[in-house]
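Listed below are the residues making up each chain.
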Amino acid sequence: MKRNTLLQAALLTCGLSLSAASVAGGASGAMLAYTCAGCHGTNGVSTGPAGPSIAGFDYDYLVDSMHQFKAGERRSTIMTRIAKGYTDADIEAMSKFFADQKYILAAQEYDKAAAKRGGKLHKKYCNNCHEDAGTLQDPDEDTGMLGGQWRPYLSYTFADYQAGEREMGKKMKKKFKSMHKKAGDKGIADLLEFYASQK
Amino acid sequence: MNDFTRRKFLKAGVAVTAAGATLSYGSFAIGGSNKKVVIVGGGIGGATAAKYIRMMDSSVDVTLIEANKSYYTCFLSNEVLSGERTLDSIKFGYSGLAKHGVKVVNDVVTGIDADKRMVKTAGGDSFSYDRCIVAPGVDFKWEAIDGYDAKIAENTPHAWKAGTQTATLRKQLKAMKDGGTFVMVPPTNPFRCPPGPYERVAQIAHYFKHNKPKSSIIILDPKKKFSKFGLFNAGWARHYGYDPKNPTAAGMIKWVNSEAGGIVDSYDAATKTVSADAGNFKGDVVNIIPPQKAGKIAFIAGLTNDKGWCPINGKTFESTIHKNIHVVGDSCVAAPMPKSGYAANSEAKVCAAAVVALLQGGSAPTPAYVNTCYSIIAPGDAISVAMVYSYDESAGKIIKVKGSGGLTPGKFDAVLREREHQYTYSWFNNITSDTFN
Numbered sequence: 000m001k002r003n004t005l006l007q008a009a010l011l012t013c014g015l016s017l018s019a020a021s022v023a024g025g026a027s028g029a030m031l032a033y034t035c036a037g038c039h040g041t042n043g044v045s046t047g048p049a050g051p052s053i054a055g056f057d058y059d060y061l062v063d064s065m066h067q068f069k070a071g072e073r074r075s076t077i078m079t080r081i082a083k084g085y086t087d088a089d090i091e092a093m094s095k096f097f098a099d100q101k102y103i104l105a106a107q108e109y110d111k112a113a114a115k116r117g118g119k120l121h122k123k124y125c126n127n128c129h130e131d132a133g134t135l136q137d138p139d140e141d142t143g144m145l146g147g148q149w150r151p152y153l154s155y156t157f158a159d160y161q162a163g164e165r166e167m168g169k170k171m172k173k174k175f176k177s178m179h180k181k182a183g184d185k186g187i188a189d190l191l192e193f194y195a196s197q198k
Numbered sequence: 000m001n002d003f004t005r006r007k008f009l010k011a012g013v014a015v016t017a018a019g020a021t022l023s024y025g026s027f028a029i030g031g032s033n034k035k036v037v038i039v040g041g042g043i044g045g046a047t048a049a050k051y052i053r054m055m056d057s058s059v060d061v062t063l064i065e066a067n068k069s070y071y072t073c074f075l076s077n078e079v080l081s082g083e084r085t086l087d088s089i090k091f092g093y094s095g096l097a098k099h100g101v102k103v104v105n106d107v108v109t110g111i112d113a114d115k116r117m118v119k120t121a122g123g124d125s126f127s128y129d130r131c132i133v134a135p136g137v138d139f140k141w142e143a144i145d146g147y148d149a150k151i152a153e154n155t156p157h158a159w160k161a162g163t164q165t166a167t168l169r170k171q172l173k174a175m176k177d178g179g180t181f182v183m184v185p186p187t188n189p190f191r192c193p194p195g196p197y198e199r200v201a202q203i204a205h206y207f208k209h210n211k212p213k214s215s216i217i218i219l220d221p222k223k224k225f226s227k228f229g230l231f232n233a234g235w236a237r238h239y240g241y242d243p244k245n246p247t248a249a250g251m252i253k254w255v256n257s258e259a260g261g262i263v264d265s266y267d268a269a270t271k272t273v274s275a276d277a278g279n280f281k282g283d284v285v286n287i288i289p290p291q292k293a294g295k296i297a298f299i300a301g302l303t304n305d306k307g308w309c310p311i312n313g314k315t316f317e318s319t320i321h322k323n324i325h326v327v328g329d330s331c332v333a334a335p336m337p338k339s340g341y342a343a344n345s346e347a348k349v350c351a352a353a354v355v356a357l358l359q360g361g362s363a364p365t366p367a368y369v370n371t372c373y374s375i376i377a378p379g380d381a382i383s384v385a386m387v388y389s390y391d392e393s394a395g396k397i398i399k400v401k402g403s404g405g406l407t408p409g410k411f412d413a414v415l416r417e418r419e420h421q422y423t424y425s426w427f428n429n430i431t432s433d434t435f436n
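The listed protein sequences correspond, in order, to chains A and B. Using numbering that gives the first Met the number 0, count along the first sequence one by one with no gaps and you end on 198. Using numbering that gives the first Met the number 0, count along the second sequence one by one with no gaps and you end on 436.
Just so you know, the hints here were simulated from the structure itself, not pulled from any lab data. Treat the hints with care, as some may be off.
As the list claims (entries may be wrong) - Cut-off 25 Å, straight-line C-alpha distance, at most; resulting in silico cross-link-like pairs (DSS-like, lysine-lysine):
(1) B:Lys-223 <-> A:Lys-83
(2) B:Lys-222 <-> B:Lys-244
(3) B:Lys-401 <-> A:Lys-83
(4) B:Lys-170 <-> B:Lys-223
(5) B:Lys-98 <-> A:Lys-101
(6) A:Lys-95 <-> A:Lys-111
(7) A:Lys-101 <-> A:Lys-198
(8) B:Lys-399 <-> A:Lys-83
(9) A:Lys-83 <-> B:Lys-410
Everything numeric in this text was worked out from a predicted model, so none of it was measured.
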């Protein structure tokens with residue numbers, strides 16, 4: 000085995016192949032992803048408490064999210080400013096890098112009773128699209144990652160949906176309305192506890 | 000370990016676990032021909048480079064030499080001054096790097112021989128390298144203000160390297176009587192953390208507002224403008240009493256800029272009096288942040304230009320003066336990137352990727368860089384600046400990606416400012432974990 004091959008193997012072991020440049024002249028997905036770690040954690044696993052993990056997210060969801068931020072279609076603090084710095088090829092390369100990482104559920108404190116109530120609401124209103132406590136993303140529905148995501152981030156997302164700052168899909172709109180009619184804002188709080196309780 | 004015997008390695012206080020971690024990582028030792036990287040300085044730039052080189056290629060032998068046993072981040076140290084957080088919360092050790100197989104040596108580097116590719120330490124050890132990464136941070140131009148030097152700074156702290164001086168300044172602020180005056184002297188450009196002095200003003204004003212509301216802050220600034228200018232002006236006015244249209248008027252905060260006589264030429268430590276063009280200002284607590292230059296070892300190693308900073312190739316961060324020596328972080332000239340923790344972290348990864356590729360006989364990959372800086376004006380009111388950078392091959396320099404980045408919008412949005420405050424803390428946790436763990 001040549002030294003080069005060994006080194007390649009070493010790189011692959013670490014899951015950080017530098018040689019896989021996305022397009023001619025463009026930075027590799029790994030290189031682009033390194034720049035995100037300051038806020039989203041090494042390889043996209045956030046240490047929280049608010050900034051979301053993005054490791055192991057569905058590829059299409061990541062690409063769509065970046066395009067929404069870039070176009071200013073999705074409310075954000077800093078992401079629109081940052082997303083504007085990337086080409087379509089950059090976005091695809093970094094999304095592939097993060098999609099290839101393992102999703103790690105964030106360990107958070109939670110209220111047991113509320114989480115139980117939230118679990119029931121989730122099963123009834125959300126689970127069809129957000130399977131496995133919201134840890135499985137349906138690429139066709141563009142569903143986000145819920146279970147094990149940092150609670151403050153999810154609460155911001157709920158707030159944006161409620162305020163009409165972020166548009167829900169048709170299905171979600173209907174389900175969310177029914178859920179809210181039955182359980183009110185407390186239902187949202189319970190759902191947040193349920194997602195935070197996932198380990 | 001050619002020049003550095005195993006006995007000395009252990010003597011240097013490096014935990015045996017470091018060696019163990021190297022093995023468990025899978026050491027691709029081929030006839031002892033592992034490439035060697037020696038990193039000088041364990042701040043954000045140096046520590047990030049060490050970790051990422053090991054992540055990218057665990058066959059590389061990485062030694063990090065740092066004078067201190069732990070590192071205090073400058074970022075969020077202003078919250079220590081206001082009492083919002085403890086000094087311990089910004090303290091980081093090097094055991095996390097050891098887990099990545101980095102050999103951490105607690106010593107002071109006294110020289111770098113670029114021809115022999117050798118680093119020497121005060122402890123009498125020599126470390127040979129294939130490539131060296133120098134990340135010494137900033138040093139101060141003590142000659143800039145008469146009567147202010149390293150000795151005086153022990154009691155009139157700059158607190159621009161976090162740690163002991165941060166604790167001293169906090170103690171002085173706590174001991175100050177209500178109705179006292181805090182005088183701050185920010186540095187000329189370029190300097191570490193451009194928004195830092197102005198966030199410090201906000202944090203100290205926050206402390207005064209809730210504990211010593213009759214107190215005031217006078218800023219004697221050698222500049223006409225500063226980072227996040229409009230946002231800080233509006234924020235100071237919103238929370239603390241400041242008039243952006245008449246910045247030297249009455250209010251808790253008075254900003255005396257260069258045109259209003261803010262240029263300081265001397266300091267009398269005995270009376271705590273700062274002498275500026277506009278007159279003498281006596282403070283109950285004085286904070287002088289002197290103008291800056293690259294860290295000492297950069298000068299000793301001959302890595303600096305006539306302005307006192309280290310010129311580099313923006314694609315590899317290799318010094319344009321000495322081959323096989325790279326410089327990252329505050330001490331290098333990476334403009335338009337600022338001298339910030341995030342920039343140092345980002346530069347270190349570009350440098351690490353280049354070093355690994357070059358050691359493997361390849362060429363440096365296309366870089367990508369980002370900077371993000373948060374400043375907390377008050378609880379629930381944080382602001383940020385961000386920028387995406389790329390490398391312009393034809394011009395041979397780092398450039399801002401057109402249309403990217405920028406500031407938090409000036410129009411106050413309470414919901415988003417509160418989120419930025421929470422994201423500030425997340426950023427702190429993530430960047431320190433990305434650097435030291």
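(message) Hint by hint, where does the structure go against what was stated? Just the numbers, ascending.
(response) Numbers 1, 4, 6 - these are the hints that the structure violates, sorted from lowest upward.
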